[in-house]
Amino acid sequence: MNEIVMADNISYTYPNGTVAIEDISLTICRGESVAIVGPNGGGKSTLLLVLSLLLPPDKGSITFMNERIDRKKFENEAYMRKFRKRIGIVFQEPDVQLFSSTVYDDIAFAPIHFGWNEEKIKDKVNNVMKELGIEHIAERHPYELSGGEKRLATIASVMVYSPDIIFLDEPTSNLDYESKELVIKAINSMKEKRKTVVVATHDMEIIPEIAERMIVLNRRIIKDDSMDNISPEDMGAVWGKKAIKFFEFFMEQRHKN
Amino acid sequence: MKFISKTLAEITSFISASIYTEKYASLNGLMQKIDARAKLVIVLAFIFLAVYTSSIWVLAFLFTIAIILSISSRISIRHYMSRVLLFIPLFTSIVAIPSIFSFITPGEGIISFFGVSITYEGVRAALFLIARVTAAVSFSILLITTTRWNELMNAMLFFKIPKIFVMIAEMSYRYIFLLLYSFQNMMLSAKSRAVSGIGATKAWKIYAPIMGAMFIKTHEMHEKVYLSMLSRGYGVEIKGNSRKMRIDIGSTAAIAAAFLTVIAVYMIL
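In the order they appear, the protein sequences are chains A and B.
Here the first sequence stands for residues 1 to 257, numbered as in the working numbering.
Here the second sequence stands for residues 1001 to 1269, numbered as in the working numbering.
By construction, these hints were calculated from the structure, which means they are not laboratory data.
Remember, predicted model here, so these are calculated numbers, not experimental data.
You may find that some hints are simply not true.
Some chain B residues close to chain A (C-beta under 7 Å, calculated; not the full set) [to be verified]:
id : residue
1  : E1022
2  : K1217
3  : K1224
4  : V1225
5  : S1231
6  : G1233
By construction, the Cβ of each residue, glycine as well, lies at the ideal position given by its N, Cα and C atoms.
One chain only, chain B, in its complex shape (with noise of 0.2 Å):
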């Protein structure tokens, strides 16, 4: 039962995590007062950068930028660290591990054990790694927290992304909260009845049935969701907020200063 009211924090989390990166959106910042268009080419600029860079100094540099960024955009630290941080590098970690070994990259020896070694090419190839992929996602949260979803979704429109893929996004977006909401009651009111501490498989043929029954409210709940919105105009094209059309002078200047910091530090190098 500990697993079921671990997973039922995670949600309540998750929910309300996404709803403070909508707020955070709302703000009044420096970020938030560019256009969500000029916003997806300097972010996309600066990765490319942290992508293509062999300069683990460029790589400071850029995580810098992203950080002065969130903070005049009074985005909360705690919150922009905690997922630039914890999570992602994280998950490089494991990405990387294997690349510190010897039989993936042969170099000098740090430590040996039972005939494999630890390089020092792996170690610096893995950090290298760690920070190439915390820079970029540093700039990649920052979008995503200062820009509300419908937005980023006209951003992409703008672009030329395929329509379907913007499709998706913005559907799963919508069911995303629908689901979570009731996926957390039928949790609670399955742990309401629960009399006394239940064991590990006795708990799994309880909450088998939810997984069913969140399948057939999903159906029904789409089906719902999909007549809303055909009631209110929708149709094969997908058309977004147009509160924000105009790209104006404030954000093309932002992504002029932002070329220009590509160009200098591309030069530089």
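Pulled out of the complex, with its shape left as it was, chain A reads as follows (with noise of 0.2 Å):
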């Protein structure tokens, strides 16, 4: 009953043959925080648009919120709408996010076209630019931002319609140690608020202030385990032996907080 995503058996093959995932089988709870690690092209970013349904898996099943969504259910946009509303993504690159003329605009995408009257929408809009601290570049174009901007106003154009589950896809990549606290600052914000995280990430440093529990992919699950069972060799096994003594840093600084 508390699930939110199931995935049975899920694979995706790229239409140029590049197996991106293959028999992965989870299940996210709500509330629950969690960081997919691995390699640069392990499938992450795959695994992430597969259960935030916007990619149907080529073989195995998805569950939203107790409904399986089977690829024909996947085509048809007009159904698939009502669960739009439940999801939200931010992508990698905050580029492909960001594309009207102002930072307000595109805050305001989702709301319009969920169809949210006008007083309801500048209200929410406010509200999240504030809690985010981008009042002051509401009026700006996006491609005069800076990095951590960006990603903040990204991630502001999905807290907006509050979503229950909201997937990020290398959040702080790319970014600055001051713009990566804020980043930090706006997903816990996100937990607080009892909603369900999934990070994409191969930033070790991140991790262990975000999740609670870790899935090691590579085109597989090769762990999936609560923080606290994850071992440094664990994360050693995916990116080489140097990662354990980064880990275990993190990890001490984890228990300490």
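Dock chain one against chain two, each of which comes alone in its own frame, and use the hints as you go.
In structure tokens, the structure reads:
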């Protein structure tokens, strides 16, 4: 009853023949915070697109809020729209998500398409901008923003409609320390609101701060366990020996906090 | 390589100019206060008058109105004039040049050479065409500069302009920045690795694959942008910004003033 999304033996192969994910089965429950980690090309982004119901799996099935979604349903966009309000996804490249003439318009994009009234849109957009501290960039063109501001604007564009589950793809890539802190704060604010947060990342520094559960992925699931049961050696198996020391250090910090 | 550098500079200036245009749209000027739908009606009324008038004085009057409106909308005169007076009259001149010769417009000759003469009537017709285009374009630029893209799209939808046209315009706007940005970076990266001056033939051999890569990137980007739109409720129905949905009294008054001006000019003539 508590499950929000379930993947049953799903696989996805790109049209050029590249196998992105294979035989993945997992369940994500309401309120969980999950980190999906793995090497580049390990299928993290593809898994997020499939779990967020944007790509239909080639094999297997997805169950979202107790509703099994087969390929036929995936192709019926009118039917799929009822799930869109419940799912948010922040893409790896902010540029693909920020395409309006101002940041305000980009944040208001989803509420407008979900048919909210004018007052509600204005209210929610202003609130989320205030929460993330980006009111000053509301009228700026996304092209003019820094990397950190772009990232916060994309997070705001999802947080504004308060979805039940939020997927974030590499939310801290190419960010300086200060911007990274702001993104982590935004993720933790979603967690405080009992939102389900799924983050695909290979930034080991942020994993202990944002996740309670970790899925190690390299096309297939290598390990899926709570953070406390993940050993530095599991990380080493994915990223090599150097990763072991890094992970040990960050886990120590987590326990201290 | 000079050609490439110039192309890069042009791309950068295009992006900057577009952003500045959006900046003007968010200023607190006269035209910015008017509803986009009202602005569309007003501009079309003035363009209609510019197209149908046969008086150079009316064209001069319309151009003056456009300049007054641009000043009261806090648009930089340099920005506005460079758009109105530089490119469009230049292109129109190229189209109008043949009409100055006697074999197109017969009449009283001003200068003759090799049996062909430039006629007074021809020059008059060419200048009139340039003036007409300048007056019409000055209003179009005023509309584009003082209106947000989304609001303009909404206004077009309101007047039942085919959705497919509006959708293409909307999408073009969304992709153009992304593509130009990528193109700019790819060109700079190629330039940074070019050790010395490269001849034109060799330069094309280097830049042809960049063009190819751009097509692939365009395809990938289009997929991702579409998925990002889909995830936020985008459907078959296109919807715009809802910040300005009601036509206020000021905008209604602006429509009335514009129509009275158009009718008065029409009656006087």
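Evaluated hints:
1. Among the interface hints, the one on E1022(B) holds; its C-beta lies about 5 Å from the nearest C-beta in chain A, closer than the 7 Å criterion.
2. Annotation: K1217(B) was flagged as interfacial toward chain A, and the flag is violated, the nearest CB pair being 11 Å apart, outside 7 Å.
3. Of the supplied interface hints, the one on K1224(B) holds, with its beta-carbon coming within about 4 Å of a beta-carbon of chain A, less than 7 Å.
4. Against a cut-off of 7 Å between C-beta atoms, the interface hint on V1225(B) holds, since the closest Cβ of chain A lies about 5 Å away.
5. Against a cut-off of 7 Å between C-beta atoms, the interface hint on S1231(B) holds, since the closest Cβ of chain A lies about 5 Å away.
6. Given hint, G1233(B) at the interface with chain A, holds; its Cβ is 3 Å from that chain's nearest Cβ, closer than 7 Å.
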